[in-house]
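As given, the protein sequences belong to chains A and B, one line each in that order.
Residues 0 to 745 in numbering that gives the first Met the number 0 are what the first sequence spells out, letter by letter.
Residues 0 to 286 in numbering that gives the first Met the number 0 are what the second sequence spells out, letter by letter.
Treat the hints as calculated values from the structure; they're not laboratory data.
Each hint should be verified, as a subset may be incorrect.
[Said to hold, decoys possible] In the DSS-like style, the derived pairs of lysine-lysine whose C-alpha atoms are separated by at most 30 Å in a straight line are:
#1 B/Lys152 <-> A/Lys143
#2 A/Lys619 <-> B/Lys256
#3 A/Lys216 <-> A/Lys302
#4 A/Lys123 <-> B/Lys286
#5 B/Lys256 <-> A/Lys123
#6 A/Lys193 <-> A/Lys160
#7 A/Lys434 <-> B/Lys286
#8 B/Lys256 <-> A/Lys193
#9 A/Lys183 <-> A/Lys307
#10 A/Lys57 <-> A/Lys143
#11 A/Lys186 <-> A/Lys404
Note that the structure is predicted; figures quoted are calculated from it, not measured.
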Amino acid sequence: MSLDEYTRREFKQVGTRVRRPDGVDKVTGRAMYGADATAPGMLTGRILRCPHAHARIKSIDVSAALALKGVKAVITGDDFAVPEDDFIRDVQENCMARGKALYDGHAVAAVAATDAAAAKAALKAIKIDYEVLPHVTDVDEAMKPGAPVVQAGRVQENVPKGYSENVTAHFEFGHGDMEAGFAKADKIIERSFKTAATHQGYIEPHACLASVTSDGKADLWCCTQGQFYVRTLCSSIMGMEASQLRVTASEIGGGFGGKTTVFIEPVALMLSKKAGRPVKIVMSRDEVFRATGPTVSSSSDVKIGMTKDGRITAGEATLRYQGGAFPCGTTEFGCSAAFAAYDLEAVRTYGWSVLTNRPKEAAYRAPGAPMAVYAVESVVDELCLELGLDPLETRLKNAARKGTKSSYGPTFPDIGLVATLEAAKAHPHYKAPLKPGQGRGLSCGFWFNFGGNTCVSLNVNTDGTVGITEGNPDIGGSRASISLMAAEELGIPYERIRTIVADTSSLGYNDVTDGSRVTFAVGLATIKAARDAIKKMSARAAKIWGIDPEAVEWKDGAAVPAGPNAGKFPPMSLAEIAAVSAETGGPIAGHYEVNADGAGVSFGVHLCDVEVDRETGATKVLRYTVFQDAGKAVHPDYVEGQMQGGAVQGIGWALNEEYIYGPDGRLQNPTFLDYRVPVASDLPMIETVILEIPNPGHPYGVRGVGETGIVPPLAALSNAVSHATGVRMTELPMSPPRVLKAIGGT
Amino acid sequence: MRYLAAKTAAEAAGALAAEKGLTRILAGGTDVLVQLRSGMVEPDLIVDIKKIPGIRGIVAESGGFRIGAAVSGAEIGEHAALCAAWPGVAEGVQLIGSTQVQGRCTMVGNLCNASPAGDAVPSLVAANAVARIAGPDGERDCPVADIPAGPGKTTLKKGEIITSIFLPARPDRASDAYLRFIPRTEMDIAVASAGVSLELNADGTVKAARIVLGAVAPTVVVADDAGKALVGTNLDDGALAAMAKACEAVCNPIDDKRGTIEYRTKMAGTLAKRAALIAYARAGGSK
Chain A
0 MSLDEYTRRE
10 FKQVGTRVRR
20 PDGVDKVTGR
30 AMYGADATAP
40 GMLTGRILRC
50 PHAHARIKSI
60 DVSAALALKG
70 VKAVITGDDF
80 AVPEDDFIRD
90 VQENCMARGK
100 ALYDGHAVAA
110 VAATDAAAAK
120 AALKAIKIDY
130 EVLPHVTDVD
140 EAMKPGAPVV
150 QAGRVQENVP
160 KGYSENVTAH
170 FEFGHGDMEA
180 GFAKADKIIE
190 RSFKTAATHQ
200 GYIEPHACLA
210 SVTSDGKADL
220 WCCTQGQFYV
230 RTLCSSIMGM
240 EASQLRVTAS
250 EIGGGFGGKT
260 TVFIEPVALM
270 LSKKAGRPVK
280 IVMSRDEVFR
290 ATGPTVSSSS
300 DVKIGMTKDG
310 RITAGEATLR
320 YQGGAFPCGT
330 TEFGCSAAFA
340 AYDLEAVRTY
350 GWSVLTNRPK
360 EAAYRAPGAP
370 MAVYAVESVV
380 DELCLELGLD
390 PLETRLKNAA
400 RKGTKSSYGP
410 TFPDIGLVAT
420 LEAAKAHPHY
430 KAPLKPGQGR
440 GLSCGFWFNF
450 GGNTCVSLNV
460 NTDGTVGITE
470 GNPDIGGSRA
480 SISLMAAEEL
490 GIPYERIRTI
500 VADTSSLGYN
510 DVTDGSRVTF
520 AVGLATIKAA
530 RDAIKKMSAR
540 AAKIWGIDPE
550 AVEWKDGAAV
560 PAGPNAGKFP
570 PMSLAEIAAV
580 SAETGGPIAG
590 HYEVNADGAG
600 VSFGVHLCDV
610 EVDRETGATK
620 VLRYTVFQDA
630 GKAVHPDYVE
640 GQMQGGAVQG
650 IGWALNEEYI
660 YGPDGRLQNP
670 TFLDYRVPVA
680 SDLPMIETVI
690 LEIPNPGHPY
700 GVRGVGETGI
710 VPPLAALSNA
720 VSHATGVRMT
730 ELPMSPPRVL
740 KAIGGT
Chain B
0 MRYLAAKTAA
10 EAAGALAAEK
20 GLTRILAGGT
30 DVLVQLRSGM
40 VEPDLIVDIK
50 KIPGIRGIVA
60 ESGGFRIGAA
70 VSGAEIGEHA
80 ALCAAWPGVA
90 EGVQLIGSTQ
100 VQGRCTMVGN
110 LCNASPAGDA
120 VPSLVAANAV
130 ARIAGPDGER
140 DCPVADIPAG
150 PGKTTLKKGE
160 IITSIFLPAR
170 PDRASDAYLR
180 FIPRTEMDIA
190 VASAGVSLEL
200 NADGTVKAAR
210 IVLGAVAPTV
220 VVADDAGKAL
230 VGTNLDDGAL
240 AAMAKACEAV
250 CNPIDDKRGT
260 IEYRTKMAGT
270 LAKRAALIAY
280 ARAGGSK
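In isolation and in its complexed conformation, chain A is listed as follows:
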């Protein structure tokens, strides 16, 4: 980990609330989203989806569909070569089934036709003979021996005997003597919890336009969080060289992790290859719910021991996550995150990854952490209640801090948890009085954050402006933050910089916009690219002045002689150097490439007040405050937006959002009417308090802020509802019927 990047400085532009660069386009409808791409001769692609939870595909007859007027291509799973790599094969089979359909909504065939009506008629004309198989959608049921096996042969070696083949992986983290730890406790509480699968709920459905030419080149325009990764997946699936597939990311209407993989892109490419014409596919909302990646649903057991004065002596969690019909790695994140907020002598987390007949899970904002932290923070809350301890003081007493050996292995450097807890303690919200029927909940949250592969170019234009080319779709305000950091470093106004998101042919590989990595990693690369450009501009000034390049330094946006011995020349601004660049050696550009380390973990604390209607079981969120460490908030509006957005998604998860499956294993609520994300009138203003504990791994101290915010709300809400009703809640969502039943109202 590189912990020497940060140097303290007074910021002139970083930390200001400048105007966002994409605002006008977005509010006027001019922004180009995935479905806005068009090409001459474009065909409409549509996907046929399995109506069964689990079915063997005995035969597919596409002849009648192909014979229809306007139909140019029909494909099935057999059109794709079987990828050698397990993971790539999973991605491909999730995009289109081969042999067996594994969940309701699994793609089984696709058509390309001259218009939507012809495509629809073609889907109806495809004849599929299914053998319907027994199915399983519940994680606990799927683990039992004798459960319907979703996929055979996927079990990892360390999984003990005695489980269904659906149990594919087992994880264990932790340290210390558990027995001794629990023996020291005055009180031990053990509870089991369940959480429902939730969807990221991005407003923009997946959409793409693919054009494959007869000479083997291809272009793909799509709505994604990572065009480079789309290229990797699609070129592998299509058997193409990466250089021949150019992927361009559109403006994106929300991702939250759900657009970090592919669902329709390989299908559009294959249809285009077969039809010889560009093919566009736009998902309906029904398809988004049934066939993209929601998060895992979970079942868990947590056991924590505490002394009378509030010291946690041991903590143990067992997490069972189902990630749909394919092996899922999210369990490992959950195990690592469960106890991360605590400094513990004895801690263990056990994880189980389980296959079910549900869509393949995709990342969702801090994947795996919210449900793990929910279970742990619920038990900590109950212990505080039982022992008569203040929940905030108790968390402070046990908080992880610099030097703590984390529950998942590494020892923490400078982290912001204690400062965040202190801020919550000092805030008026914590002391505000509550009325009868109301309850207050508190939870800590944590996310690792990520750095990763990053490549940035910074071009100095001859008119004194600057263009930045970066490779990560802007899902949370990164273009503004990147421009701000470049402006700070170069010493020119923010308004003179424009940052664009480039296609895969324009830059080296950039990792996906995930792991809250972009403001950290692309920001770091941008600062370094700016320093590279500054070095070059200083050399040009030195050349003009006829002095040694080392005798020039950069100050307030201009080259100046470094001290009296360097010579006496007036400052030469970036604009002045740029204007004469043709005479001093040609264009000026800065570059930086890095696999960034030192992302810096982020902690948050959420406080919430609720009121529960004892006659209906409905929960009203009265007040909500988020405290989070941002390292350095580059653009505070966006940082607050991330904190509020995470809280709101977590509130939805806690109160109403859930994938509901019927006895037939089909998804019952694939619409925004019955999959209930919170609407504006459901929520109070989410108050935010930004803490700034600099991340030693970034030149400006930046930490990622995108994910931590969704981790605490589940337990914060559950603890608040438990206090308001006097009954401990152990299952999410706390929908009105469930709460009413729990409190004995029905």
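Following the hints, put chain B in place on chain A, whose structure we already have.
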């Protein structure tokens, strides 16, 4: 698919009666256009009734109001006299959809869509509203209560359209209220609902009560015994409890993604109780 903008109710009824294929009537379009877009229906004929004279107006009649079939929710909400006389009817209509949908949606559309959860229907039935129907055989009047036949089904005959709804005159000391339960605060469908219309005696006791429940049976349900439980009382706790129990007794709901049988049944009583208290206060009753 053919589109006809009928100029008279007779033309609309004639065209609908003559069409052999699937038909849809277009007023506000907030259900029909969604069904068309999503491919749920593929009608052969769509008859637009918005251009029929008088169909977009609210007029005073016999001390009450006649409301055209194409009057939008927002227009009803802006009609002060109607809202004062029938606040429960107005609040039911105004719960359909979002603010944008309110600019188009109609209560007749909500009635003919025939969802047991339609927000406009319980209060209309509680109000003893009467639908005027134009058909191939001329015009007839029918209580709104007799229009719904089951989920997605009405008692209207082929070629018949509802052209207006009549809300009768209100005596003094009378009012109504509508409440629904949804897990969110808007943009949702009723899990259970209740419309309550009350008329009070001079001494503040209930003279007449009509209680109608939504989303707890294949059609809205008139809870006669629940109404009787309130008559002669001033909504004391005992009367309200008896009324809630009587509401629960007539519920015949389904278990589905929106609510369980037990939850919907319980909610029907709770909502009727709360709506009755609101209607009582609006009618000038005090406890």
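The hints, checked one at a time:
1. B/Lys152 <-> A/Lys143: 45 Å, violated
2. A/Lys619 <-> B/Lys256: 21 Å, holds
3. A/Lys216 <-> A/Lys302: 56 Å, violated
4. A/Lys123 <-> B/Lys286: Between A/Lys123 and B/Lys286 the Cα gap is close to 63 Å, so the pair fails against 30 Å, i.e. violated.
5. B/Lys256 <-> A/Lys123: 28 Å, holds
6. A/Lys193 <-> A/Lys160: 24 Å, holds
7. A/Lys434 <-> B/Lys286: 25 Å, holds
8. B/Lys256 <-> A/Lys193: 18 Å, holds
9. A/Lys183 <-> A/Lys307: 10 Å, holds
10. A/Lys57 <-> A/Lys143: Roughly 28 Å separates the two Cα atoms, so the pair holds.
11. A/Lys186 <-> A/Lys404: 24 Å, holds
The structure shown violates the earlier hints numbered 1, 3, 4.
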